[in-house]
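**Q** Sequence:
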Amino acid sequence: MKTIAKGDSSMVKATSVDATGRLHQEVLRALDLGMLARWDRDRLREEVRRLARHLAGTTGTRLDDASRDLLADRVVSETFGLGPLDEFMTDPDVNDILVNGASEIWVDRQGVLSRTGLTFRDDAHLLATIQRILAPIGRRVDEASPTVDARLPDGSRVHALLPPLSLQGPVLSVRRFGRRLNGEGLLANGTLPNEALEFLSACVKGRLSILVSGGTGAGKTTLLNALSASIPHGERVVTIEDSAELRLEHPHVVRLETRQPCPDGKGEVSPRELVRNSLRMRPDRILLGEARGAEAFDLLQAMNTGHEGSLATVHANDAREALMRLEMMVLMAGIDLPLKSVRSYITAAVRVVVHMARLHGGSRRVLRICELRGIDSQGDYRLEPVFEFRQEAVRDGRAIGRFRATGEVPESLEKLGASGIELARERFAARWIEASGAEGARHAA
435 MKTIAKGDSS MVKATSVDAT GRLHQEVLRA LDLGMLARWD RDRLREEVRR
485 LARHLAGTTG TRLDDASRDL LADRVVSETF GLGPLDEFMT DPDVNDILVN
535 GASEIWVDRQ GVLSRTGLTF RDDAHLLATI QRILAPIGRR VDEASPTVDA
585 RLPDGSRVHA LLPPLSLQGP VLSVRRFGRR LNGEGLLANG TLPNEALEFL
635 SACVKGRLSI LVSGGTGAGK TTLLNALSAS IPHGERVVTI EDSAELRLEH
685 PHVVRLETRQ PCPDGKGEVS PRELVRNSLR MRPDRILLGE ARGAEAFDLL
735 QAMNTGHEGS LATVHANDAR EALMRLEMMV LMAGIDLPLK SVRSYITAAV
785 RVVVHMARLH GGSRRVLRIC ELRGIDSQGD YRLEPVFEFR QEAVRDGRAI
835 GRFRATGEVP ESLEKLGASG IELARERFAA RWIEASGAEG ARHAA
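Quick note on my numbering: the sequence shown kicks off at 435 and runs consecutively.
These are calculated hints, taken from the structure and not from any lab test.
A portion of the hints provided could be inaccurate.
[Stated by the list, open to error] What follows is a set of in silico ranges between Cβ atoms, one per label pair, in the way DEER data are often shown: (1) R824 / T524: 23 to 31 Å; (2) I571 / L599: 47 to 55 Å; (3) R710 / R681: 46 to 54 Å; (4) E521 / R710: 39 to 47 Å; (5) A767 / D476: 55 to 63 Å; (6) S548 / S775: 33 to 41 Å.
For glycine and all other residues, C-beta sits at the position ideal for the given N, C-alpha and C.
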């Protein structure tokens, strides 16, 4: 008879996948499903322990109490929870959970993507878990509707896709809300230096509109959340998102979310409709979670007509490309204007462009903070960097670099001063800047 000793975790793992599978099936066969719906975790755990003893007796496998408890916990997790995903759904360091069929579970933990050793038993087990995730929000996915994009009660985003669209079985992506970082958190993890954060905070307080650009997972939403703490509490803020991720540090927020069309193609509510509706809600500022299309024109219009200090994000590879993408979005709105006029309209609305990126090893950095100073005689943007991050090497798989002030003194200091916000010009003198949490940061000689 094979014995699994207490504490022998490798042997537990070697047998538990098969044993757990059989235990789970036996639980479903032996117990009334109606009773399962009424039982709590403790009652089910007791029944599973009993079945584990029975299973051990019929298979010739001796399980000690610790091994039996481990098997029972896994079965309870699969019955009441999300099986192998449970531990990741509650881990504050996990940003993304990516399931590529039953045999692959990947997680993004603090920006580093790695494959876990956990698996689902089969595609049916994975599909049942997907349905369990969607059930509390009244959604499901099946052959008739093989894709679903939804938001969970905790704000996490879920996307699932089934065969035949996927060639490797059901595919699941969960974008979780990690720890909410404030300004101090951004400083601690080296996202940007204190001088840069104070400048951006002053811009928010002084009602300068800011555009944040970057790729997926660069930290754009995190930065917007942190900057929202600088919005005066006497102002009313309206947020507009495709999938609500913003959790602002502000007492007066109205959160709006777009709606996808129903299967019959009706019922869609677009970002542009929400931007237009928000203007009737007496907002002091509008925060657009991501500018993707024609709604960008309406937001620029709002920025130019009394809603200064609004903020938005856009997917782009650098700050200048972010402005070019705005141009395309304005044209998508059907506005028949020459390019130079479109650029003048953008520069009248946006005063600061922040570009972010996720670097080697998963660290997120503000790569550049630029002031938009209109257009030059050639019709090109005058985009001047005020702060920037320079990557110098990759060490132990992580990007190493330094922040620096470029020496450009923002022209907007005059407007900030008129609002009672004083920033000394010396703060922008050309130099390297120490940044908490940023390896290799040091002052230039």
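**Q** Please go over all the hints and tell whether each is borne out by the structure.
**A** Verification of the hints:
no.	hint	result
1	R824 / T524: 23 to 31 Å	38 Å, violated
2	I571 / L599: 47 to 55 Å	21 Å, violated
3	R710 / R681: 46 to 54 Å	24 Å, violated
4	E521 / R710: 39 to 47 Å	44 Å, holds
5	A767 / D476: 55 to 63 Å	58 Å, holds
6	S548 / S775: 33 to 41 Å	49 Å, violated
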